[in-house]
Amino acid sequence: EAGVTQFPSHSVIEKGQTVTLRCDPISGHDNLYWYRRVMGKEIKFLLHFVKESKQDESGMPNNRFLAERTGGTYSTLKVQPAELEDSGVYFCASSQPGLAGGNEQFFGPGTRLTVL
Amino acid sequence: GQSLEQPSEVTAVEGAIVQINCTYQTSGFYGLSWYQQHDGGAPTFLSYNALDGLEETGRFSSFLSRSDSYGYLLLQELQMKDSASYFCAVVTNAGKSTFGDGTTLTVKP
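Line order of the protein sequences matches chains V and R. The opening position of the first sequence corresponds to residue 1 in my numbering, with each subsequent residue numbered one higher. The opening position of the second sequence corresponds to residue 1 in my numbering, with each subsequent residue numbered one higher.
Take these hints with a grain of salt, some might be off.
Said to hold, decoys possible - Derived pair list, reagent style DMTMM-like, types lysine to aspartate or glutamate, alpha-carbon separation capped at 25 Å:
{"id": "1", "chain 1": "V", "residue 1": "LYS44", "chain 2": "R", "residue 2": "ASP101"}
{"id": "2", "chain 1": "V", "residue 1": "LYS15", "chain 2": "V", "residue 2": "GLU52"}
{"id": "3", "chain 1": "V", "residue 1": "LYS15", "chain 2": "V", "residue 2": "ASP30"}
{"id": "4", "chain 1": "R", "residue 1": "LYS81", "chain 2": "V", "residue 2": "GLU42"}
{"id": "5", "chain 1": "V", "residue 1": "LYS51", "chain 2": "V", "residue 2": "ASP30"}
{"id": "6", "chain 1": "R", "residue 1": "LYS81", "chain 2": "R", "residue 2": "ASP39"}
{"id": "7", "chain 1": "R", "residue 1": "LYS81", "chain 2": "R", "residue 2": "GLU56"}
{"id": "8", "chain 1": "V", "residue 1": "LYS44", "chain 2": "V", "residue 2": "GLU85"}
{"id": "9", "chain 1": "V", "residue 1": "LYS41", "chain 2": "V", "residue 2": "GLU104"}
{"id": "10", "chain 1": "V", "residue 1": "LYS15", "chain 2": "V", "residue 2": "GLU83"}
{"id": "11", "chain 1": "R", "residue 1": "LYS108", "chain 2": "R", "residue 2": "GLU9"}
{"id": "12", "chain 1": "V", "residue 1": "LYS41", "chain 2": "R", "residue 2": "ASP101"}
{"id": "13", "chain 1": "V", "residue 1": "LYS44", "chain 2": "R", "residue 2": "ASP82"}
{"id": "14", "chain 1": "V", "residue 1": "LYS44", "chain 2": "R", "residue 2": "GLU5"}
{"id": "15", "chain 1": "R", "residue 1": "LYS108", "chain 2": "R", "residue 2": "ASP82"}
{"id": "16", "chain 1": "V", "residue 1": "LYS54", "chain 2": "V", "residue 2": "GLU14"}
{"id": "17", "chain 1": "V", "residue 1": "LYS15", "chain 2": "V", "residue 2": "GLU85"}
{"id": "18", "chain 1": "V", "residue 1": "LYS44", "chain 2": "R", "residue 2": "GLU9"}
{"id": "19", "chain 1": "V", "residue 1": "LYS51", "chain 2": "V", "residue 2": "ASP24"}
{"id": "20", "chain 1": "V", "residue 1": "LYS41", "chain 2": "V", "residue 2": "GLU14"}
{"id": "21", "chain 1": "V", "residue 1": "LYS44", "chain 2": "R", "residue 2": "ASP39"}
{"id": "22", "chain 1": "V", "residue 1": "LYS41", "chain 2": "R", "residue 2": "GLU56"}
{"id": "23", "chain 1": "R", "residue 1": "LYS108", "chain 2": "R", "residue 2": "GLU77"}
{"id": "24", "chain 1": "V", "residue 1": "LYS78", "chain 2": "V", "residue 2": "GLU52"}
{"id": "25", "chain 1": "V", "residue 1": "LYS44", "chain 2": "R", "residue 2": "GLU77"}
{"id": "26", "chain 1": "V", "residue 1": "LYS44", "chain 2": "V", "residue 2": "GLU83"}
{"id": "27", "chain 1": "V", "residue 1": "LYS41", "chain 2": "R", "residue 2": "ASP52"}
{"id": "28", "chain 1": "V", "residue 1": "LYS15", "chain 2": "R", "residue 2": "ASP68"}
{"id": "29", "chain 1": "R", "residue 1": "LYS81", "chain 2": "V", "residue 2": "GLU83"}
{"id": "30", "chain 1": "R", "residue 1": "LYS108", "chain 2": "R", "residue 2": "ASP39"}
{"id": "31", "chain 1": "V", "residue 1": "LYS41", "chain 2": "V", "residue 2": "GLU57"}
{"id": "32", "chain 1": "V", "residue 1": "LYS15", "chain 2": "V", "residue 2": "GLU104"}
{"id": "33", "chain 1": "V", "residue 1": "LYS44", "chain 2": "V", "residue 2": "GLU14"}
{"id": "34", "chain 1": "V", "residue 1": "LYS78", "chain 2": "V", "residue 2": "GLU14"}
{"id": "35", "chain 1": "V", "residue 1": "LYS54", "chain 2": "V", "residue 2": "ASP30"}
Stated by the list, open to error - Below, a sample of chain V positions facing chain R; criterion: calculated Cβ distance under 7 Å:
{"id": "36", "residue": "GLU42"}
{"id": "37", "residue": "ILE43"}
{"id": "38", "residue": "PHE45"}
{"id": "39", "residue": "HIS48"}
{"id": "40", "residue": "ASP56"}
In case anyone wonders, no lab produced these hints; they're calculated from the structure. All residues carry an ideal CB built from backbone N, CA and C; glycine is no exception.
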């Protein structure tokens with residue numbers, strides 16, 4: 001069974017540009033999460049989808065970040081316009097349906113974003 | 001909101017036992033999970049506790065005390081490959097996971 005995949009693996013953009021990150025969860029996983037890790041610090045929660053609905057987006061830093069999950073399958077995270085402080089590794093994770101599924105999340109390899 | 005505390009660094013020798021503690025403050029607590037991350041790669045799930053007590057999975061065990069808002073990850077028979085970052089994560093009954101800052105474990109020969 002394929003794991004969580006993310007694209008691209010690396011992205012280098014200039015301040016003010018737009019970048020879209022993609023996450024393909026494990027098939028059948030209703031729960032999809034986005035996280036960010038900056039400078040080797042904590043894995044910071046961004047948001048949580050249940051199917052196509054945003055269950056919790058309290059971690060989204062500001063309105064420059066937009067996440068979508070049309071059809072409840074893959075998800076995209078768009079940063080527009082990108083700022084220097086947006087640099088970091090963006091992880092996507094998915095888990096089985098239901099509340100208990102949140103206890104065991106399967107992470108993708110991450111997208112390393114560098115904003116110059 | 002949620003907050004977690006775990007040590008930033010731990011060092012141990014091969015074959016030893018190490019315990020990584022995690023204390024948390026949260027509302028709507030559902031469970032405590034542990035993840036391992038090597039060199040910035042994808043975090044991988046290790047263990048989960050929803051009830052008080054010890055859960056054992058091979059060389060790794062995890063403990064939870066809900067009344068003390070405290071848990072730990074116990075690693076036995078340490079191997080060099082266990083050198084990694086270890087994160088505790090609180091899961092709330094709304095399905096949200098909040099991760100600690102991580103503990104960097106260094107295993108020495």
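Assess, step by step, whether the Cα of LYS41 (chain V) is no farther than 25 Å from the Cα of GLU57 (chain V), and give holds or violated. Given that 25 Å is the threshold and the Cα spacing comes to 20 Å, the pair holds.
Given the hinted pair LYS44 (chain V) and GLU77 (chain R), is their Cα-Cα distance within 25 Å? 31 Å, violated
Proposed proximity, GLU14 (chain V) with LYS41 (chain V) (alpha carbon, max 25 Å): Holds - the C-alpha atoms of GLU14 (chain V) and LYS41 (chain V) are around 23 Å apart, at most 25 Å.
Checking one constraint from the list: CA of LYS44 (chain V) to CA of ASP39 (chain R), max 25 Å. Satisfied? Answer holds: LYS44 (chain V) to ASP39 (chain R) is near 17 Å, not above 25 Å.
Does ASP30 (chain V) lie within 25 Å of LYS51 (chain V) when you go C-alpha to C-alpha? Status holds; Cα separation ~5 Å.
CA of LYS41 (chain V) to CA of ASP101 (chain R), is that 25 Å or under? Roughly 6 Å separates the two Cα atoms, so the pair holds.
Restraint outcome when ILE43 (chain V) is required to lie within 7 Å of chain R by C-beta distance: Since the shortest Cβ distance to chain R is 4 Å, the answer is holds.
Restraint status (C-alpha distance of LYS41 (chain V) to ASP52 (chain R) at most 25 Å): Violated, because 29 Å separates the two Cα atoms, which is more than 25 Å.
Interface hint check: PHE45 (chain V), Cβ to nearest Cβ on chain R, cutoff 7 Å. Holds or violated? 6 Å, holds
What's the verdict on LYS41 (chain V) and GLU104 (chain V), does the C-alpha distance respect the 25 Å limit or exceed it? 21 Å, holds
Just to be careful, I want the Cα atoms of LYS54 (chain V) and ASP30 (chain V) compared with a cutoff of 25 Å; is the pair within it? Answer holds: LYS54 (chain V) to ASP30 (chain V) is near 11 Å, not above 25 Å.
Hint check: 7 Å Cβ-Cβ cutoff, GLU42 (chain V) to chain R: Constraint on GLU42 (chain V) satisfied, holds at 5 Å.
When held up to the earlier numbered hints, the structure conflicts with 2, 3, 16, 22, 25, 27, 28, 29, 32 and fits the remainder.
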